[in-house]
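K.L.:
For reference, the chains in residue letters:
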Amino acid sequence: MSTLPSLILRTAVRWIAPLLLLFSLFLLVRGHHEPGGGFSGGLIASTGFALLTFGYDLVTARRLLRVHPSALVLAGVGLALASGAVPMLGGQPFLTGLWVTIPLTGEAALKLGTPLVFDVGVYLAVIGATLAMLFAFAEE
Amino acid sequence: MGLTLTLPLLLPLVAALLLFAVRTRRRASHALAVASATAALVASVVLLVVVLRDGIAVIAIGRWPAPYGIVLVADILSAAMVTVCALVTWATVVYATAWIDRSRESAGFFALVFVLLFGVNGAFLTGDLFNLYVWFEVMLMASFVLLVLGVERGQVEGGIKYVALNLLSSTLFLTATGILYGISGTLNFADLSRVLASADPRIVSVVAVLFAVAFGIKAGVFPLFFWLPASYHTPPVPVSALFAGLLTKVGVYALVRVFTLLFVHDPGWTHRILLSSAAATMLTGVLGALAQQDVRRILSFHIVSQIGYMVMGLALLTPLGLAASVFYIVHHIVVKTNLSLIGGLVERPGGTGSLARLGGLFRTRPWLGVLFLVPAFSLAGIPPLSGFVAKLLVIRAGLEAGAYLVTAVAIVVGLLTLLSMLKIWNEAFWKESTDRPVATDRLPLRLVLPTVVLATVTVALGVFAEPILRLAHQAAGQLLDPEAYRTAVLGTTAHAASAREG
Amino acid sequence: MELLFAIMVGTLYGCALYLLLRRSIVKLAIGLILLGNGANLLLFSSGGLVRGRPPLVPPDGTVVVPPAADPLPQALILTAIVISFGVLVFAVALIYRTHRALRTDDLDDLVATDRLGEVSEAAHRPIEPVAAGVDPRSDGR
Chain Z
1 MSTLPSLILR
11 TAVRWIAPLL
21 LLFSLFLLVR
31 GHHEPGGGFS
41 GGLIASTGFA
51 LLTFGYDLVT
61 ARRLLRVHPS
71 ALVLAGVGLA
81 LASGAVPMLG
91 GQPFLTGLWV
101 TIPLTGEAAL
111 KLGTPLVFDV
121 GVYLAVIGAT
131 LAMLFAFAEE
Chain P
1 MGLTLTLPLL
11 LPLVAALLLF
21 AVRTRRRASH
31 ALAVASATAA
41 LVASVVLLVV
51 VLRDGIAVIA
61 IGRWPAPYGI
71 VLVADILSAA
81 MVTVCALVTW
91 ATVVYATAWI
101 DRSRESAGFF
111 ALVFVLLFGV
121 NGAFLTGDLF
131 NLYVWFEVML
141 MASFVLLVLG
151 VERGQVEGGI
161 KYVALNLLSS
171 TLFLTATGIL
181 YGISGTLNFA
191 DLSRVLASAD
201 PRIVSVVAVL
211 FAVAFGIKAG
221 VFPLFFWLPA
231 SYHTPPVPVS
241 ALFAGLLTKV
251 GVYALVRVFT
261 LLFVHDPGWT
271 HRILLSSAAA
281 TMLTGVLGAL
291 AQQDVRRILS
301 FHIVSQIGYM
311 VMGLALLTPL
321 GLAASVFYIV
331 HHIVVKTNLS
341 LIGGLVERPG
351 GTGSLARLGG
361 LFRTRPWLGV
371 LFLVPAFSLA
381 GIPPLSGFVA
391 KLLVIRAGLE
401 AGAYLVTAVA
411 IVVGLLTLLS
421 MLKIWNEAFW
431 KESTDRPVAT
441 DRLPLRLVLP
451 TVVLATVTVA
461 LGVFAEPILR
471 LAHQAAGQLL
481 DPEAYRTAVL
491 GTTAHAASAR
501 EG
Chain B
1 MELLFAIMVG
11 TLYGCALYLL
21 LRRSIVKLAI
31 GLILLGNGAN
41 LLLFSSGGLV
51 RGRPPLVPPD
61 GTVVVPPAAD
71 PLPQALILTA
81 IVISFGVLVF
91 AVALIYRTHR
101 ALRTDDLDDL
111 VATDRLGEVS
121 EAAHRPIEPV
131 AAGVDPRSDG
141 R
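Residue numbers (my numbering), protein chains in the order written: chain Z, 1 to 140; chain P, 1 to 502; chain B, 1 to 141.
By construction, these hints were calculated from the structure, which means they are not laboratory data.
Owing to the predicted nature of the structure, the values given are computational and were not obtained by experimental measurement.
Heads up, some of the hints might be wrong.
[What the hints assert, rightly or not] FRET-style restraints, in silico, Cβ to Cβ:
#	chain 1	residue 1	chain 2	residue 2	range
1	Z	I8	B	E2	42 to 48 Å
2	B	L21	P	D200	28 to 34 Å
3	P	V206	Z	P103	56 to 62 Å
4	P	S106	B	I30	33 to 39 Å
5	P	P201	B	L88	34 to 40 Å
[Unchecked claim] Take a look, some chain P residues computed to stay more than 12 Å from chain B by CB distance:
#	residue
6	L165
7	L167
8	W430
9	R446
10	G491
The beta-carbon is built from N, C-alpha and C at its ideal position, and this holds for glycine as well.
Given these sequences and hints, build the entire structure.
P.N.:
Printed below as a string of structure tokens:
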């Protein structure tokens, strides 16, 4: 795939890609209790890298990702699997949600649980899988 | 309980991840693959033992109670299927360590094998219709990549046909699921079987036929099998063997599941369609095989033909018929994988599977001939091998149910299968060698051992048929008693939910 | 509204099956895409279409008051879309490879493995260096 040498796209991507990555993290965390989550977050994040691939080139996108996409898939699925397996240590069925509540100042309290870890795993796996496909096509 | 039921799923997934991580290191991935396959086999045997001892095992994933959450259910049929599939996967993995080339390995061959097993086991163990669709797709994704890994021309051509028809089948499955959900408002098998009993039988029949077509494509029944002989002989031998053993049988399993649990409202109509299709499958498959001149293509057509016997047992819907089906599936998975693996050994000396160019193998490798005859005669149904018991059961069930025409077809097809096996024997083993130099190199143990193990299992299934038969009858008893399934799924999880409340 | 959906689903299925029956490989792929979309729409309408009634339990009750939108079909569609997306990317890659190697868009040309008798030698020839084979992305699924 030949890169389109578009100055407009290139300049825009410079600003948009970091914003997309940030937004993807927001979606990931927000998905804990509200619409959002690892899947949509992961797709947004890979859009950022897709834009980099089109605006710059494959080499730049690969360099900025730092790791191989398949490593991300591996880490993501591993993380999701681990979060599902943790409850099994306590004799619960696979994927049972375990929660801890961390009290913060005043009324506020932070509820953390294994579903969040699972979501992070999904996030990584989605980025990895999408980018693996994209990079493979971009190579042709 | 939870661990026993979840391990057959978790082990292959963990194995796939680890194997993908070490895919470029040959020794490590070989050792890991064999170790994981062994572990998966042990886990599934444990599951089978537990299910035989305690009855249907159920677990609600994430503690969401049925029918709202997803349940894993293992009755005897599921557990037996998981066990046999783990056995042939073990054999194929050992065989593959000596067969698969380095480039395919570093592309993740072994990881894909375990993703395939993950999907297959999931399909056997799930108690939820949509979840079954997801497992089918996991399995198909892995099989797509395995099929074209290496990108030979034949593989790509076979791959397109395989992918297109399987996608069509998946979409039909999804369509049928959607309509079923529209009728019943649930996707849990146990709940569905409860709701469908009082649904409008006409629309249920429509959905039943949609499912029959969707699973029929996967299982390779007449007239939906054409993708199978077009693609199964193209990939490397271990991949063919794995596909031959596992994939179509998942389709048959799905047929058995839905046509014993969900669609029993009008057996005179739905099961009659299955019965005619079974007869046609047996006949067209074996005739196709007789016309072929290449070892692996003959074997692919025999898969189709044998599927007919399993569907016939199901279509009769009698206790004996279902027991025959269960026994047949178990027997067939072992025998078919073994024949494909041995077919690879037959081809290996000359690198060709063409019968015209093979020959003289019995002079150079007499033991390979014996090894071939065990599964070949078993496939044809010669006593005392497993195929004899399996065919006898199917035929007896057919006679008892008064389905004389289909039974006659089954008997004739048995004879034709023998003819086709003897054709391979005569051409590859008995005929004097043609111009090719006679192969003298020793075959590595890793290629021979799996075939010997599977051949032993075949003999054992035939000689010690009694316990397996008892198991098949128990499985059939469970299949014909949907009430027990419903109680196991809806009862225990309701119990678990109330335990949580308290 | 359901009727409109039914007509749309029917049209999509019809177009898809027509395209699937063509000899062109590209049309085969487009047909599969349309078929997938049709199935997703069918799933969507399978739970009944309800507007503006989220399935929320009112503050003073314990059960959802019907009619309420059914969230399950939407979850199913999301799953189905993801799956069909992955499978279609694979199919497109496969078709692209085939086209580049064989220079044909005609399914009837894919007969290297179909001839009765022996499989031609061409069937076992890699269509390009094996090292650049199909990327193993899908084992992360």
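K.L.:
Are the hints correct? Go through all of them and say.
P.N.:
Okay, the hints, checked on the actual structure:
no.: 1; hint: I8(Z) with E2(B): 42 to 48 Å; verdict: holds, 45 Å
no.: 2; hint: L21(B) with D200(P): 28 to 34 Å; verdict: holds, 32 Å
no.: 3; hint: V206(P) with P103(Z): 56 to 62 Å; verdict: holds, 57 Å
no.: 4; hint: S106(P) with I30(B): 33 to 39 Å; verdict: holds, 34 Å
no.: 5; hint: P201(P) with L88(B): 34 to 40 Å; verdict: holds, 36 Å
no.: 6; hint: L165; verdict: violated, 10 Å
no.: 7; hint: L167; verdict: violated, 5 Å
no.: 8; hint: W430; verdict: holds, 19 Å
no.: 9; hint: R446; verdict: holds, 22 Å
no.: 10; hint: G491; verdict: holds, 23 Å
In this structure, the earlier hints numbered 6, 7 are contradicted, and the remaining ones agree with it.
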